[in-house]
Structure formats: C-alpha cells, structure tokens
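Novice: Protein chains in written order, with our numbering: chain V, 7 to 300; chain L, 7 to 300; chain X, 7 to 300; chain U, 7 to 300.
Hints listed in this document are in silico derivations from the structure and should not be mistaken for laboratory results. Check each hint, because a few of them may be wrong.
Copies of one chain are not kept apart here, so a pair can be met inside one copy or by any two copies together.
Claimed, not checked - Straight-line C-alpha distance at most 25 Å; calculated SDA-like pairs for lysine to any residue: (1) Lys40 / His158; (2) Lys217 / Asn178; (3) Lys217 / Tyr227; (4) Lys136 / Asn153; (5) Lys217 / Ala198; (6) Lys19 / Arg257; (7) Lys95 / Trp14; (8) Lys40 / Thr296; (9) Lys217 / Ser179.
4 protein chains.
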Amino acid sequence: MFLHPMSWPNGKKCAASVTFDIDADSLVRVGRPKDADLRLQPISMGRYGPTVAVPRILETYRRLELTQTFFMPGWVMEEYPDTVEAILKDGHEIGHHSWAHEDPMEHSDEVEAELFERALDTHIKMTGHKPRGYRAPVYSITPAIVNRLIEHDFLYDSSMMADDLPYEVVTNSGSLIEIPPHWGTDDWPPFAHMGELDYIMPVRGPSDGIKAFIEEFDAMYEAGGFWMPVLHPFLTGRLARWRELERHIERIVEQGDVWLTSMENIAEHAKSTGSRLRQENLDTGSTPATPLTP
Amino acid sequence: MFLHPMSWPNGKKCAASVTFDIDADSLVRVGRPKDADLRLQPISMGRYGPTVAVPRILETYRRLELTQTFFMPGWVMEEYPDTVEAILKDGHEIGHHSWAHEDPMEHSDEVEAELFERALDTHIKMTGHKPRGYRAPVYSITPAIVNRLIEHDFLYDSSMMADDLPYEVVTNSGSLIEIPPHWGTDDWPPFAHMGELDYIMPVRGPSDGIKAFIEEFDAMYEAGGFWMPVLHPFLTGRLARWRELERHIERIVEQGDVWLTSMENIAEHAKSTGSRLRQENLDTGSTPATPLTP
Amino acid sequence: MFLHPMSWPNGKKCAASVTFDIDADSLVRVGRPKDADLRLQPISMGRYGPTVAVPRILETYRRLELTQTFFMPGWVMEEYPDTVEAILKDGHEIGHHSWAHEDPMEHSDEVEAELFERALDTHIKMTGHKPRGYRAPVYSITPAIVNRLIEHDFLYDSSMMADDLPYEVVTNSGSLIEIPPHWGTDDWPPFAHMGELDYIMPVRGPSDGIKAFIEEFDAMYEAGGFWMPVLHPFLTGRLARWRELERHIERIVEQGDVWLTSMENIAEHAKSTGSRLRQENLDTGSTPATPLTP
Amino acid sequence: MFLHPMSWPNGKKCAASVTFDIDADSLVRVGRPKDADLRLQPISMGRYGPTVAVPRILETYRRLELTQTFFMPGWVMEEYPDTVEAILKDGHEIGHHSWAHEDPMEHSDEVEAELFERALDTHIKMTGHKPRGYRAPVYSITPAIVNRLIEHDFLYDSSMMADDLPYEVVTNSGSLIEIPPHWGTDDWPPFAHMGELDYIMPVRGPSDGIKAFIEEFDAMYEAGGFWMPVLHPFLTGRLARWRELERHIERIVEQGDVWLTSMENIAEHAKSTGSRLRQENLDTGSTPATPLTP
Numbered sequence: 007m008f009l010h011p012m013s014w015p016n017g018k019k020c021a022a023s024v025t026f027d028i029d030a031d032s033l034v035r036v037g038r039p040k041d042a043d044l045r046l047q048p049i050s051m052g053r054y055g056p057t058v059a060v061p062r063i064l065e066t067y068r069r070l071e072l073t074q075t076f077f078m079p080g081w082v083m084e085e086y087p088d089t090v091e092a093i094l095k096d097g098h099e100i101g102h103h104s105w106a107h108e109d110p111m112e113h114s115d116e117v118e119a120e121l122f123e124r125a126l127d128t129h130i131k132m133t134g135h136k137p138r139g140y141r142a143p144v145y146s147i148t149p150a151i152v153n154r155l156i157e158h159d160f161l162y163d164s165s166m167m168a169d170d171l172p173y174e175v176v177t178n179s180g181s182l183i184e185i186p187p188h189w190g191t192d193d194w195p196p197f198a199h200m201g202e203l204d205y206i207m208p209v210r211g212p213s214d215g216i217k218a219f220i221e222e223f224d225a226m227y228e229a230g231g232f233w234m235p236v237l238h239p240f241l242t243g244r245l246a247r248w249r250e251l252e253r254h255i256e257r258i259v260e261q262g263d264v265w266l267t268s269m270e271n272i273a274e275h276a277k278s279t280g281s282r283l284r285q286e287n288l289d290t291g292s293t294p295a296t297p298l299t300p
Numbered sequence: 007m008f009l010h011p012m013s014w015p016n017g018k019k020c021a022a023s024v025t026f027d028i029d030a031d032s033l034v035r036v037g038r039p040k041d042a043d044l045r046l047q048p049i050s051m052g053r054y055g056p057t058v059a060v061p062r063i064l065e066t067y068r069r070l071e072l073t074q075t076f077f078m079p080g081w082v083m084e085e086y087p088d089t090v091e092a093i094l095k096d097g098h099e100i101g102h103h104s105w106a107h108e109d110p111m112e113h114s115d116e117v118e119a120e121l122f123e124r125a126l127d128t129h130i131k132m133t134g135h136k137p138r139g140y141r142a143p144v145y146s147i148t149p150a151i152v153n154r155l156i157e158h159d160f161l162y163d164s165s166m167m168a169d170d171l172p173y174e175v176v177t178n179s180g181s182l183i184e185i186p187p188h189w190g191t192d193d194w195p196p197f198a199h200m201g202e203l204d205y206i207m208p209v210r211g212p213s214d215g216i217k218a219f220i221e222e223f224d225a226m227y228e229a230g231g232f233w234m235p236v237l238h239p240f241l242t243g244r245l246a247r248w249r250e251l252e253r254h255i256e257r258i259v260e261q262g263d264v265w266l267t268s269m270e271n272i273a274e275h276a277k278s279t280g281s282r283l284r285q286e287n288l289d290t291g292s293t294p295a296t297p298l299t300p
Numbered sequence: 007m008f009l010h011p012m013s014w015p016n017g018k019k020c021a022a023s024v025t026f027d028i029d030a031d032s033l034v035r036v037g038r039p040k041d042a043d044l045r046l047q048p049i050s051m052g053r054y055g056p057t058v059a060v061p062r063i064l065e066t067y068r069r070l071e072l073t074q075t076f077f078m079p080g081w082v083m084e085e086y087p088d089t090v091e092a093i094l095k096d097g098h099e100i101g102h103h104s105w106a107h108e109d110p111m112e113h114s115d116e117v118e119a120e121l122f123e124r125a126l127d128t129h130i131k132m133t134g135h136k137p138r139g140y141r142a143p144v145y146s147i148t149p150a151i152v153n154r155l156i157e158h159d160f161l162y163d164s165s166m167m168a169d170d171l172p173y174e175v176v177t178n179s180g181s182l183i184e185i186p187p188h189w190g191t192d193d194w195p196p197f198a199h200m201g202e203l204d205y206i207m208p209v210r211g212p213s214d215g216i217k218a219f220i221e222e223f224d225a226m227y228e229a230g231g232f233w234m235p236v237l238h239p240f241l242t243g244r245l246a247r248w249r250e251l252e253r254h255i256e257r258i259v260e261q262g263d264v265w266l267t268s269m270e271n272i273a274e275h276a277k278s279t280g281s282r283l284r285q286e287n288l289d290t291g292s293t294p295a296t297p298l299t300p
Numbered sequence: 007m008f009l010h011p012m013s014w015p016n017g018k019k020c021a022a023s024v025t026f027d028i029d030a031d032s033l034v035r036v037g038r039p040k041d042a043d044l045r046l047q048p049i050s051m052g053r054y055g056p057t058v059a060v061p062r063i064l065e066t067y068r069r070l071e072l073t074q075t076f077f078m079p080g081w082v083m084e085e086y087p088d089t090v091e092a093i094l095k096d097g098h099e100i101g102h103h104s105w106a107h108e109d110p111m112e113h114s115d116e117v118e119a120e121l122f123e124r125a126l127d128t129h130i131k132m133t134g135h136k137p138r139g140y141r142a143p144v145y146s147i148t149p150a151i152v153n154r155l156i157e158h159d160f161l162y163d164s165s166m167m168a169d170d171l172p173y174e175v176v177t178n179s180g181s182l183i184e185i186p187p188h189w190g191t192d193d194w195p196p197f198a199h200m201g202e203l204d205y206i207m208p209v210r211g212p213s214d215g216i217k218a219f220i221e222e223f224d225a226m227y228e229a230g231g232f233w234m235p236v237l238h239p240f241l242t243g244r245l246a247r248w249r250e251l252e253r254h255i256e257r258i259v260e261q262g263d264v265w266l267t268s269m270e271n272i273a274e275h276a277k278s279t280g281s282r283l284r285q286e287n288l289d290t291g292s293t294p295a296t297p298l299t300p
C-alpha cells in the first residue's frame, strides 16, 4: 500500500491533522489591489473566517480536547490579533503562510524574501517564537523558499504533493520534513466561489462536499496512513459544513485509535523515524532548467 | 455555536426568509448592451422569471399563507408592472436591487448614485413608499452604497457575508442591519448556465441542487439560527426545482416552530435586540486603502 | 401550477418529445476553422453521433414504436446522407438546425440568411419538403431569424425559454409556435467536454446526469405538462448514458398515459388550442434597443 | 446495441483494458516552460505518479495476475527509469505517448515529427523494441501522426472517439487499429485540478468519481462490449481513489467472464476479426479543408 509505511506513536492505527488556512480578506485585497477596499462582499466573506468560523472551530477543539494547526498570513495576524490570541490560548500551532497570501509565482524572489521576513517578524512578535511550519499560498512553494525555510530552521513544509505520507526533502544546504497536501482534501474545489479571483465552482452541498474528505480518511485509516484536510474557516467553518466535519472528527476521537494531532507533532514524529523516511532530493540551485521541447 | 445567538419571537426555534431576486432580462441587457435585443434566448429565459415563475411562487405563498421578500431592479419593475402589482397585492415586500442589475464595481459611484436614485423613484412611484431593504447586484455593495442606504433611512442590507445571523454595520454616519447571504444558499452555482455572462455551471439536478439548501436549513434549525436562500425565479422557480423547494417549505410550515417571514420583519427583530446584536464597524470614508504588497 | 395549462389528446396526462440535435463534427469545424481538419479527436467524437449513436437511438425507437424529432444542420445532412435516410425511413421528423451549427450571433444577418437558405435547400433536396421546425445553434435565435421562419411558413421554433409549455410568439408579420427548451434538460452541462469550444465540464456519471432529466420529467408528469430533453447523439447516445435514458423512455411507454410524440405533433396540437395558448409579443423590427445604463 | 459487435476469446462476455498515462511532471514543464522549475507543487504532484502511484498499481496487478498497458512520454521514461523497469519486469506494455506530453496542435508537424522520433528512440533504447501502440497527448492526434504511426508499423492508436469498440482506420497508405477512448471514462474531468494548465475542476469524491467509470463498465458488460478507462497515476492512483477502482477490478477478476488484458492483445484480437471490423476511412493527404462558413 505504502512504499515507506509509517508506524504511529502509542500503537495508533492512523494519524491525522486538521489544518485551517486563515486567509480572511487578504485574498481579495491582494487579488484586487486597485479597488479591494470597495469590495465589501469578498471582504466580509473573508472576515467571516477569523471572527465567526474560528471561534466555532476552537469551541469544537476545546470540547474534544484537540490541539491542531492553523496557518496564517502575517497581515491577517496583525489585522486579527484576537484570533491569534484565542488560538494560542488553546495551545494550537500557528504556521507561516506568507505575508498576505501573495502567490510567490507573481513576483520576484527579492520581493518574496522581504514579505517572508516581514511575516516572520510578525510571528515572533505575536507568538514569541519562529513558526516551525510553512505552507505556501496556493501551495506555490519555490526552490528559493525551500532554501529560506531551511536557513530559518523550519521543521516542516506543507505545500508539495509527492507522497501520501510525510517525507524528507533533501537539498544541498539541508533538509525539511514535507507533510503533503492533496487537491482531494482541499476545500476550495467543493466550496469556493470567488469571482474576484476567477475561481467559480458549482459549490457542493455540505454533506456531499465533506463526504469526499471522509472517504479520503477512510482509505487512510484502513491503510494506516495519514489524513490532512486543508481547510479554510470562511469555507468549511460555515455552520452546516462544519457540523458535517465536526461529526466526523467526533467519530475519530471516539474511535480512539487515530493520532489526531498538530502538524508540528506529525513532523517531529516523521523526523524521528530517521532513515525509514522517504527522501526526495531537490536541486534548489539557481540554474534554470532547459525547456523540454523546442 | 453562535457568538451572538439570537432568540426569535413567540418561542420560535429558528427563523427563515426565502428571498427571490427578480432580475429577468436585465441580466443580458446590461451584460451585453451592444446586441442584447438580438439575444432572444437569454431574454426569454429571463422573462420566464416574472411571467411564469413568480405567479407559481405566489400561488405557493398564498396557499401556505406566507409573506416573503422579493428584490427587484427598478427597470424590471417598470417593465413588468403586473408582477409588481401581484406581489404587492399578496402583501409581500419588495426590496431595492439596483436600476437594472448593473454591477456597482463596473462604473463610477456618480453613475451608481444616479441609477440608485432612479430605482428609488420607481419604488416610490409603484409601491407608494421607499423600500426598507437593499441587495446589491452580484452582492457588490461598496462603502459609498452603504452611506447612501443610511442616508435614505434603509433598515437593512443583504449583500455582505460576515456572519450567519443578522448583524449591525456601524459607520461614521449611522448604522444598518445586515442580513447576510452566503454562496452555499445562492442558486446561481447549482443552476445557472449563461454563456452571455461567462457563467457556465454543470447544472445540478433539481433534488441534488435543492438538497444543499435544505442541509443548510437543517443546520440552522438545529442551532436556532437563520436560513435565507437567495433565489432567482428563472432558476429555482422552474417547475421541478420549485416542487423540491416547495415541499421543503411545506414541511417547515407544518413543523410550526420556524419563523418564516419577510426580511423586513427579520431586520426589525434584529434591530429590537439592541446591544446583543453583533456590530461590525465599517470605515466608509473616501481614503483608499494601501495595497498590502509591493 | 401552469398559468396556461394545456390538455393533451386522448386523455393523456402529459406530453413529451425526446429531441436530438445531430451536430456531428460541424461543431469543431466551425469552432476551429483554421485547423479543424487536423483535429481528429473532436472530429471522431462528432462522427460518433451519426454513425454509432443515431443507429442505436433509432433501434430503440423502432422497438418502442416511437416517432420523434431530430434537428440537423444542412452540412451534416449532406455529409451523412445515410443518417438522413435512416431517420426518414423510420418516419421521424428532421428540423432545421442551421447550415453547420454556426452561432447566429457571430456574423451578420446577411451571412445568416444565406446559410439559412442553403440549409433549407438541403432539406428540400434530401427530405422532399421544407422542415416545419427550427432550433438555433446554442439556442441563439434572433428577431431576424424569427421573421425568416414566419416568412418560410415554419410551424414552430424550439430555441426560446419563456415558458414550460408551448406558447405562441406573435410578431408584426405573423406568428410561430414556440416549444421551449431549458438548460436543466440539455445534455451539454452534464456531459460535454470540448476544449476546442472552451466548454469543459466535470462530466457527470451516466445515472447521475440522466437522473436530472428524469426528475424534470417527474415534475412535468405530475403537473400534466410537457417534457423535452435537448440531447446530442455524441453525448447522450453513448452506450451507458443511453441505457439510462432508454430505460426511462421504456417506463414512460409502459405507463401509457404520456403522449410521447414528435415536435411537429406537439406544435400542431398547441396551435389547435387557439386562444387558450399563451401569447408572447415580440418586436422584430429593426430599431436597436437603447442600453439600460449609461 | 452495436453495429459491429465483437466476440471475445474463450467465450468471454466482455473485454476491458485499464490504461494509465504516466505524464508525471512533463505536464507542468511543457505547460509552463518559462518557470516550471520553480513550480514545485505541480512538479511534486506529477512525481507522485511514477514514484508512489505506479508501485501501488503494479502491486494490485501482481496480486490479481493482470497484464495491462501504460502510456509514457519519452522524457518521462528517461527521467524515471526505475518506473520503466518495474513496469517491464511485470510484463506490462508501454505505449508511445509523445516526447514530453506536448500537444501536437501547438507546434508544426516538423517539430512533432522530431519529438515523435526522439521518443521512439527512447522506447527502443529502454524497452528493446518499438512500441506497438500510441496515444496522443490530450488525444490530439493529427492526420500526419496517423501517417507516421502507419509508417512505423504501429499496431494501434488510442486517441480517436468514433466508436465504442475497436475499429480500423484506413488511409491511402495503410491502416491502423483504433481503440477509442471517451471523456466519460477519463479521470481528468472528475479529479484534475491544475491551475497551471487552466484546468480547474470541482474534484469529485473518490466513490462518486469512480462510480461513473463503473457504470460505464456495467453498460459495456451487459452489451458484451469493451471498457477502457483512461487514467493517470497522479489522479486515480491516489490511495482513496485507487481503492475504489481496485475493488471494482477485483470484482471483474472474480467474475471471470471479462477479458481484462493489455491494449496490444485487444488490438491483435480486433485485427484478427478482419472484415467484420468497422472501417473508418481517413483522408490523411495534405490539402486543408475549406471552412464550412464564410
């Protein structure tokens, strides 16, 4: 089933981490810089995330005694300090998620470096330490960002998709644990509808959309693997959708044989397995590749 | 479940308002101004709304003794006076929905102001009074429109998405009740197919599409919240789809513990709860925001 | 339920007409005129229609003793004479469907007129008479085409969507029966995937896609209305999809209380009901409308 | 049911071939030549195919003692030699699938010819012989490619869609067996989400997406036809999806009356049926067709 199977602590059969990217209104502000402040609909839709959905999600986590991971752009952290505080108070992890959800493919690496550092400063200022994990906006991680993460002692990234289970990305300058996402467990395809970003989907119903994530869990559970939905509070944190996913998380917790934990813990565990971990070599040098066709 | 839960009159467990935006053929006439009059297919598709679907919907409402809310662009009101008359005769509310469904983001606020007033005049002329509620085309409400609504003593808007329940939008010049819509209860994603507006969806089947709305209701009912589908007569007023939704509305009415009423009543009730209502501060001044990234 | 209900001959409870538009490879040839002859995939996909799907559909119709309606572009008729012959031999109707599925909105009415007449000549040459019905490519009928249909004594059109049931379109120069299609019973949204025409859908499974059409039938049956799917042999004539729809048609036939007949018969019946028929006035004069917004 | 029904060897009721196109990261490298090496997300998503999914698929095939067919671009073969070796070791077939998944419609036939030959050389070098089958990237086969396949003694192509069952494409210079694919059994519409190629689908859940393929099988089984899903390891080789399809393949194998074999065997069998095979004449001469409309 897996080429590099992983065993989990305390005899757990399977591991899982529910991750939320709290992008809030950074999406429309960066996507439509000329007039975003006029666009109150996508702004309010984004604000729903930190102000309405995150409290709901935190309530569930408190009730089920879970510690999970949120990824936040630095600008969102500064704009919503109460959200940061509430997340930290409950002991959850906050990962680096860019400055304001700007796609790294849309500007030079010099700009990217500056924005990355700016967000890093925000993390240090607001959480008291550097984040240990990173996820790129739209998953658009570049070799230069990988170098930067290694340089800043990040433990893990969660943007690349080369495996089902965590693996190690090895470069000339060091290595990083990769905790791979997957479009089948991302909530943009089933739920997002955002003309401002040219992303208009037919919006599935709550049970229909969440069912896909649950089926992914079922397969991972059966195989003793790892399940990590990539969610957004303004999408999956909506009442009806969260009720569906919450019920599923409750079932997992009741079952008792799933290690439902933060990304940091998953990454530490992966790192501790040492040589049994799959390694992906990555050339992060600066020579651009030759096009494959004339 | 809700940070700012609301109780409903007469011990009702949950509130709901079924809203229809009667855009008719304004959509294609504004979307394709150069040759819309040649495009008889989208024109006829739009005309289905006021001439076929609205009578069907009104019949259901009469049978179930319901008073609900319709939003109509001024041009549509003038073009379909019988529709206005039939709606008013049955005691329903008509809200302001722009002049001809022109997106406020596509022109200057000067033009927007002129069209807004023109529609307002139509409302006064045809209904005898100013409308109390507003919904922006494509939900594209701007700060200037919010100011305008407050200036004209509107009770509520229904274009922003920052919460599940009604909330208060507070500006420097006054405040407004916001009754928030949501893409998961809008019928464009499941049912619209309009190449003229570059909006082509895979069109769900009647029960599949309506099921999503019902699941949203179920979650709101369970949580004691508020359910407000945003529908269009030419989409959800089609026979097979309406039969699905009608059966659901019949069930709600039979249950007896849902306050199914007009938007105006919902907004008045929200306003009456006073300080328990969530407040969203909105800067509607004219200084444009600075872009978040270089 | 219906503002202008219709009764059907011989006490039938409901009427239905299964229509197929045989566009074949005209779609890609007109859509990509510069290099269509190099595009063997969409050409072969189109050729599947007349060469594989139509024989399959005709077999079903023969077995169930049904007479139905096909719409064919003139070019397709000339390119696939055996298909025309097989359809006529079994007594089915062939309606006018343009010369080569060119969208009337993409060229002047002079060109449209010339192509319309060319197709008309093909009909007369190959069927021995003028067609009695018309459906515009992409439903893009224009006022000028309506005039042309009336001028050529067409009995009906099937491109406009202003009602559930057949209605009469009345112009200054005469009238026409309209048998309205609807996007909810068109097989492009659930089944088409044609990058060459920028029409890429997520392609539903056979039972899922056909279920939507059946639900539309069920609602029409219950209301005593009229059901008319708009299908394409290269889409719904594919084996698995046709088996789903075929089973539904078999059930209808077994039931015995549905008048399943050709469009021509439906139109004749509608015409015979005279003044009880809904009338839609249509200004087909040449003065272009004024844009609704500045 | 079929105009040209086929009987299968050893009294089997139906035939089937599960085909995988192993495109890996060629997709993004060719689609975004200027900066593909920076796009680690689609690269890693592509790498999942040969490194994670193919071993999983091969394991299933070994367990069920199946010999199936993979199509690989030459560049992918050179980049993933272990994948080629593992496939060959288990006795599976590898078909020609271009040099690096470049769309033949995007460059001149001179370039296409050169890339075709380059891939052919890779096949000979790595497998010891010329491939017997071909599938065009995005199915974009051209008349010139058909000529080239015949010139190089290919047994079959699998890019055109003119029938349900294998047929013979006859040109002036020879003929070729065509084993036709179909968009209803291709896994891009249900599962692909690749912004880099402007191909963004709402991503179905595992059981929902695979159900469509199974329904296509059921119809083919009932009719004694041929079923050939066109899959991609990085899509359908994902754990949860493969478990769904694997279960279906297990059922087929248990049933015992389905000839589940390689494309080469299907093509040889089709060829052996001789004159009973449907023939499609194809003019592969160099005169471009005249546009159908002015």
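Novice: For each hint, tell me whether it holds in the structure or not.
Specialist: Structure-based check of each hint:
In this assembly of identical chains, Lys40 and His158 lie within 25 Å of each other by CA distance neither inside one copy nor across copies; the values are 33 Å within and 28 Å between. For the homomeric pair Lys217 and Asn178, neither the shortest alpha-carbon distance inside one copy (41 Å) nor that between copies (45 Å) is at most 25 Å. Proximity of Lys217 to Tyr227 under the C-alpha cut-off of 25 Å is found in both arrangements, the shortest distances being 15 Å within a copy and 21 Å between copies. Taking CA atoms no more than 25 Å apart as the test, Lys136 paired with Asn153 passes inside one copy only; the shortest distance there is 16 Å, against 43 Å between copies.
Taking the closest pair of Cα atoms, Lys217 and Ala198 come within 25 Å of each other both inside a single copy (16 Å) and across two copies (18 Å). Taking CA atoms no more than 25 Å apart as the test, Lys19 paired with Arg257 passes inside one copy only; the shortest distance there is 15 Å, against 27 Å between copies. Taking identical chains as interchangeable, the C-alpha atoms of Lys95 and Trp14 are never at most 25 Å apart, the minima being 27 Å within one chain and 33 Å between chains. In this homomeric assembly, Lys40 and Thr296 come within 25 Å of each other (Cα to Cα) only across copies, at 9 Å, whereas the closest approach inside a single copy is 36 Å.
Taking the shortest alpha-carbon separations for Lys217 and Ser179, neither the intra-copy value of 41 Å nor the inter-copy value of 46 Å comes in at or below 25 Å.
Of the hints listed earlier, those the structure fails to meet are numbers 1, 2, 7 and 9, in rising order.
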